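Which chain is which? The protein sequence lines are A and B, in order. For reference, each letter of the first sequence is one residue, going 1 to 489 in the UniProt record's numbering. For reference, each letter of the second sequence is one residue, going 1 to 489 in the UniProt record's numbering.
Any given hint could be a false lead.
[What the hints assert, rightly or not] Footprint (simulated), chain A over chain B, 3 or more residues, beta carbon under 8 Å: (1) 106-117; (2) 327-337; (3) 430-440.
None of these hints come from the bench; they were simulated from the model. Nothing here was measured: the structure is a model prediction, and the numbers come from that model. Yeah, the Cβ is synthetic: ideal placement off N, Cα and C, and Gly gets one too.
In case you want the letters, here they are:
Protein chains: 2
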Amino acid sequence: MSHQAMNGFGGKVLTLENMNPNVRKVEYAVRGAIVQRAEQIEKELKEGVKKPFTEVIKANIGDAHAMGQKPITFFRQVLALCAYPDLLDDNKFPEDAKQRARRILGACGGHSIGAYSASQGIECIRQDVSRYIEKRDGGIPSNPDNIYLSTGASDAIVTMLKLLVCGEGPDRTGVMISIPQYPLYSAALADLAAVQISYYLDEDRCWGLDVAELKRALSAARTHCNPRVICIINPGNPTGQVQSRKCIEDVIRFAKEEHLFLMADEVYQDNVYAEGCKFHSFKKVLFEMGPEFSSTVEMASFHSTSKCYMGECGFRGGYMEVINMDPEVKAQLTKLVSVRLCPPVTGQALLELVVNPPQPDEPSYSTFMKERTEVLAALAEKAGLTEKTFNTVPGIICNPVQGAMYTFPRITLPQRAIDTAKEEGLAPDMLYCMRLLEEEGICLVPGSGFGQREGTYHFRMTILPPTEKLKVVLQKIRDFHVRFTKQFS
Amino acid sequence: MSHQAMNGFGGKVLTLENMNPNVRKVEYAVRGAIVQRAEQIEKELKEGVKKPFTEVIKANIGDAHAMGQKPITFFRQVLALCAYPDLLDDNKFPEDAKQRARRILGACGGHSIGAYSASQGIECIRQDVSRYIEKRDGGIPSNPDNIYLSTGASDAIVTMLKLLVCGEGPDRTGVMISIPQYPLYSAALADLAAVQISYYLDEDRCWGLDVAELKRALSAARTHCNPRVICIINPGNPTGQVQSRKCIEDVIRFAKEEHLFLMADEVYQDNVYAEGCKFHSFKKVLFEMGPEFSSTVEMASFHSTSKCYMGECGFRGGYMEVINMDPEVKAQLTKLVSVRLCPPVTGQALLELVVNPPQPDEPSYSTFMKERTEVLAALAEKAGLTEKTFNTVPGIICNPVQGAMYTFPRITLPQRAIDTAKEEGLAPDMLYCMRLLEEEGICLVPGSGFGQREGTYHFRMTILPPTEKLKVVLQKIRDFHVRFTKQFS
Numbered sequence: 001m002s003h004q005a006m007n008g009f010g011g012k013v014l015t016l017e018n019m020n021p022n023v024r025k026v027e028y029a030v031r032g033a034i035v036q037r038a039e040q041i042e043k044e045l046k047e048g049v050k051k052p053f054t055e056v057i058k059a060n061i062g063d064a065h066a067m068g069q070k071p072i073t074f075f076r077q078v079l080a081l082c083a084y085p086d087l088l089d090d091n092k093f094p095e096d097a098k099q100r101a102r103r104i105l106g107a108c109g110g111h112s113i114g115a116y117s118a119s120q121g122i123e124c125i126r127q128d129v130s131r132y133i134e135k136r137d138g139g140i141p142s143n144p145d146n147i148y149l150s151t152g153a154s155d156a157i158v159t160m161l162k163l164l165v166c167g168e169g170p171d172r173t174g175v176m177i178s179i180p181q182y183p184l185y186s187a188a189l190a191d192l193a194a195v196q197i198s199y200y201l202d203e204d205r206c207w208g209l210d211v212a213e214l215k216r217a218l219s220a221a222r223t224h225c226n227p228r229v230i231c232i233i234n235p236g237n238p239t240g241q242v243q244s245r246k247c248i249e250d251v252i253r254f255a256k257e258e259h260l261f262l263m264a265d266e267v268y269q270d271n272v273y274a275e276g277c278k279f280h281s282f283k284k285v286l287f288e289m290g291p292e293f294s295s296t297v298e299m300a301s302f303h304s305t306s307k308c309y310m311g312e313c314g315f316r317g318g319y320m321e322v323i324n325m326d327p328e329v330k331a332q333l334t335k336l337v338s339v340r341l342c343p344p345v346t347g348q349a350l351l352e353l354v355v356n357p358p359q360p361d362e363p364s365y366s367t368f369m370k371e372r373t374e375v376l377a378a379l380a381e382k383a384g385l386t387e388k389t390f391n392t393v394p395g396i397i398c399n400p401v402q403g404a405m406y407t408f409p410r411i412t413l414p415q416r417a418i419d420t421a422k423e424e425g426l427a428p429d430m431l432y433c434m435r436l437l438e439e440e441g442i443c444l445v446p447g448s449g450f451g452q453r454e455g456t457y458h459f460r461m462t463i464l465p466p467t468e469k470l471k472v473v474l475q476k477i478r479d480f481h482v483r484f485t486k487q488f489s
Numbered sequence: 001m002s003h004q005a006m007n008g009f010g011g012k013v014l015t016l017e018n019m020n021p022n023v024r025k026v027e028y029a030v031r032g033a034i035v036q037r038a039e040q041i042e043k044e045l046k047e048g049v050k051k052p053f054t055e056v057i058k059a060n061i062g063d064a065h066a067m068g069q070k071p072i073t074f075f076r077q078v079l080a081l082c083a084y085p086d087l088l089d090d091n092k093f094p095e096d097a098k099q100r101a102r103r104i105l106g107a108c109g110g111h112s113i114g115a116y117s118a119s120q121g122i123e124c125i126r127q128d129v130s131r132y133i134e135k136r137d138g139g140i141p142s143n144p145d146n147i148y149l150s151t152g153a154s155d156a157i158v159t160m161l162k163l164l165v166c167g168e169g170p171d172r173t174g175v176m177i178s179i180p181q182y183p184l185y186s187a188a189l190a191d192l193a194a195v196q197i198s199y200y201l202d203e204d205r206c207w208g209l210d211v212a213e214l215k216r217a218l219s220a221a222r223t224h225c226n227p228r229v230i231c232i233i234n235p236g237n238p239t240g241q242v243q244s245r246k247c248i249e250d251v252i253r254f255a256k257e258e259h260l261f262l263m264a265d266e267v268y269q270d271n272v273y274a275e276g277c278k279f280h281s282f283k284k285v286l287f288e289m290g291p292e293f294s295s296t297v298e299m300a301s302f303h304s305t306s307k308c309y310m311g312e313c314g315f316r317g318g319y320m321e322v323i324n325m326d327p328e329v330k331a332q333l334t335k336l337v338s339v340r341l342c343p344p345v346t347g348q349a350l351l352e353l354v355v356n357p358p359q360p361d362e363p364s365y366s367t368f369m370k371e372r373t374e375v376l377a378a379l380a381e382k383a384g385l386t387e388k389t390f391n392t393v394p395g396i397i398c399n400p401v402q403g404a405m406y407t408f409p410r411i412t413l414p415q416r417a418i419d420t421a422k423e424e425g426l427a428p429d430m431l432y433c434m435r436l437l438e439e440e441g442i443c444l445v446p447g448s449g450f451g452q453r454e455g456t457y458h459f460r461m462t463i464l465p466p467t468e469k470l471k472v473v474l475q476k477i478r479d480f481h482v483r484f485t486k487q488f489s
């Protein structure tokens with residue numbers, strides 16, 4: 001390119017060279033190169049190209065409905081009533097669904113879900129979110145003023161990180177995230193030019209979190225940034241662990257001692273399967289630790305309509321609760337979210353139903369409970385099946401899927417595969433996943449997209465496919481793994 | 001605060017002093033202090049506090065349904081069918097609505113709007129958007145690969161600006177925006193720490209845009225930043241002008257000569273009322289100017305489901321079309337939007353209906369056309385009424401509302417009012433609007449929230465209230481203005 005072109009005149013105004021360099025650094029493996037290739041293959045299949053398989057199974061993303069999970073009837077009835085209120089006269093809809101729809105519409109401008117809501121979210125929904133949290137946490141109070149509805153949890157997480165980032169050079173804000181992590185975090189940090197501080201989960205102890213490791217990571221980071229935030233995902237994504245109460249206490253104590261803002265990503269709070277495991281909210285533990293903690297530790301907790309038993313990803317609903325946030329900062333947060341006007345009102349409506357589901361004395365209760373229980377029971381079964389099957393394959397080691405929707409097994413790769421990947425400019429587990437996609441039509445995400453200890457290799461797979469299909473998937477991965485290992489040995 | 005507290009230990013982790021300084025600089029007047037006060041007054045009214053009025057009329061924001069505008073029946077029927085597909089068996093719904101719902105559901109993962117879509121948006125909807133643009137622009141081709149669905153237009157505008165910002169100090173990206181402007185732009189630029197380059201619209205020529213003024217602003221800016229972008233809002237917000245074809249050509253020529261990326265905010269493209277005015281899309285004009293322009297000028301155009309005749313703000317639907325964008329940059333854009341997974345699928349579904357409405361041979365056509373025509377005719381009537389009424393008030397001068405949904409009249413304020421405002425630390429037009437709110441219950445946005453020439457004062461009011469209510473609003477503002485002027489003279 002000529003000098004003149006480099007300066008812009010003559011060439012494009014906007015090029016890879018002169019675009020926002022932070023955006024260039026953003027990576028998001030869950031929808032990265034492998035998914036693009038998967039979509040290409042789907043097109044090729046449609047066009048009649050012959051492949052060793054007839055469909056691509058996208059186990060790369062926690063997208064329940066795409067995997068055949070049915071929506072909760074009650075939720076969709078209310079949403080249809082909200083969209084087209086003429087149906088409120090239709091006696092096919094149960095009374096409790098109509099009552100919820102009327103409540104939601106009554107809180108909308110002009111009684112329409114087509115009106116903007118308050119930027120923080122519809123007030124009566126924020127009240128119901130607070131009541132839901134109080135019930136979940138055994139009565140610990142929640143203030144609707146501290147609830148911000150959001151466009152999925154991602155939106156709230158990015159907004160919260162944005163508030164927290166400041167400083168230049170060695171004063172730049174550092175943010176502690178687990179490795180492996182959900183790549184929204186690393187992507188947001190790259191975008192904000194914040195410093196990522198990686199702390200490693202302990203694979204040998206079921207992806208446990210150890211405070212000594214937090215201390216190591218923090219003290220290493222203090223030399224080049226200003227650590228201000230710790231992010232925790234519980235239940236874990238991609239690693240599926242469920243944190244013990246003790247561990248949560250340790251993290252809270254660490255956050256207080258080290259003066260860190262605590263971000264608790266709790267979007268999988270209903271997805272706990274393993275015996276002896278239980279979801280403990282960070283907020284509940286914080287308050288049970290006494291006023292020394294509950295009145296000082298600054299925290300935000302995130303939830304979403306996309307996961308749990310409902311899996312309504314497309315609606316982009318979610319909320320965050322902020323605790324002990326400086327009122328002046330809260331005013332800034334409210335201002336910041338107002339620039340985007342409001343979260344999607346249909347997502348807010350759905351969230352209202354999640355936090356205010358049918359009650360035992362209401363007509364939709366039994367169907368709702370049946371549907372909810374079936375989804376969670378199936379997930380629990382699939383969590384067990386996945387762990388058991390993978391652990392029968394030589395060269396695959398799989399921790400229990402205690403919660404969430406993913407397994408993150410460790411795979412042993414032959415040295416020749418690692419060398420081949422290097423030659424092709426790929427991460428070794430990317431080579432593995434690409435081959436799996438081409439040969440079996442199964443789309444996974446390589447562990448390198450989430451981070452992993454140097455020299456170890458993994459992939460993330462959702463456990464969402466229906467049981468019979470999941471069995472096929474597991475069998476295919478098993479066969480592939482044996483074949484791949486043989487091929488490169 | 002002690003030194004120790006200043007350093008964080010002892011005080012809050014996150015304070016006004018140590019939060020992201022860019023976020024602090026963000027301002028968004030459309031939902032600023034005056035709206036917060038309006039909401040407080042609404043609460044007071046509910047609690048029985050006596051006021052000189054019985055309701056607050058929020059004319060601060062273009063929120064059609066909140067002002068009583070009814071949704072388009074066909075759109076809501078299809079959305080209800082998508083939300084609750086059991087209704088597809090219901091013979092109360094017309095066949096064309098069912099056919100659209102089936103098409104949308106067929107394009108969703110697992111046939112559910114609860115699945116994530118592709119990050120760029122559902123493919124068949126992007127195809128329909130392209131066909132819609134082609135039809136609008138008399139056959140000029142549109143490529144679905146260049147269409148990105150978004151969470152309202154705001155989302156796409158911010159994303160596009162984010163791609164474009166780079167450099168430090170005098171190399172920092174400068175972005176030209178009109179004054180008055182829609183404050184999403186200034187807010188996004190503050191957030192991105194980009195340099196705002198203000199060019200003034202000519203109030204005396206019906207808020208016209210003059211290339212000499214663009215040149216003045218650009219050359220003044222080159223001393224302290226790197227101007228790379230020009231943003232145009234047409235039809236104008238808050239100023240309601242509709243640009244002539246000639247003016248659009250001038251802007252395109254200017255963008256090419258000065259090597260600027262062109263961002264065309266065309267969300268009010270169906271909202272044109274004044275005789276002799278017509279909406280010309282930037283893309284159409286660009287292509288009609290010949291290959292010298294159509295193959296070089298980089299551009300993005302934005303549209304939304306929130307405005308026009310549908311006014312479905314709550315669904316957060318929208319799209320952008322990018323033209324002549326470097327393919328490597330486009331790949332970066334696709335990557336960037338993937339981090340947020342996807343725009344709300346209900347908003348995408350609504351957009352599908354906007355770009356693919358009932359056709360003459362379909363059962364819903366006549367109702368659809370009737371509803372659409374009624375909304376646009378009422379808006380045209382209210383645009384005329386507003387201009388006429390304001391221009392009868394001494395001290396208010398009002399340009400014709402040629403398009404969009406707002407009037408931005410100039411108000412003459414007595415010197416004593418200006419002095420009083422200064423004493424109270426308020427912008428003079430904020431004082432005016434606050435008094436109007438307290439005395440008459442009408443919520444407007446002061447001109448200072450949009451920018452205006454030094455020493456001039458304005459407010460923005462939407463023309464959306466129903467005609468009879470709008471008449472009352474105009475009368476109340478008239479009375480207030482006379483009273484305010486007398487009081488401060």
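Results for each hint:
Closer than 8 Å: that is the beta-carbon criterion, and the segment 106-117 of chain B has 9 residues meeting it against chain A, so the requirement of 3 holds. Here the segment 327-337 of chain B counts 5 residues with a CB under 8 Å from a CB of chain A, which clears the bar of 3, and the coverage holds. Only when three residues or more bring their CB closer than 8 Å to a CB of chain A does the claim for the segment 430-440 of chain B stand; here the count is 0, and the claim is violated.
Of the numbered hints listed earlier, the single one contradicted by the structure is hint 3.
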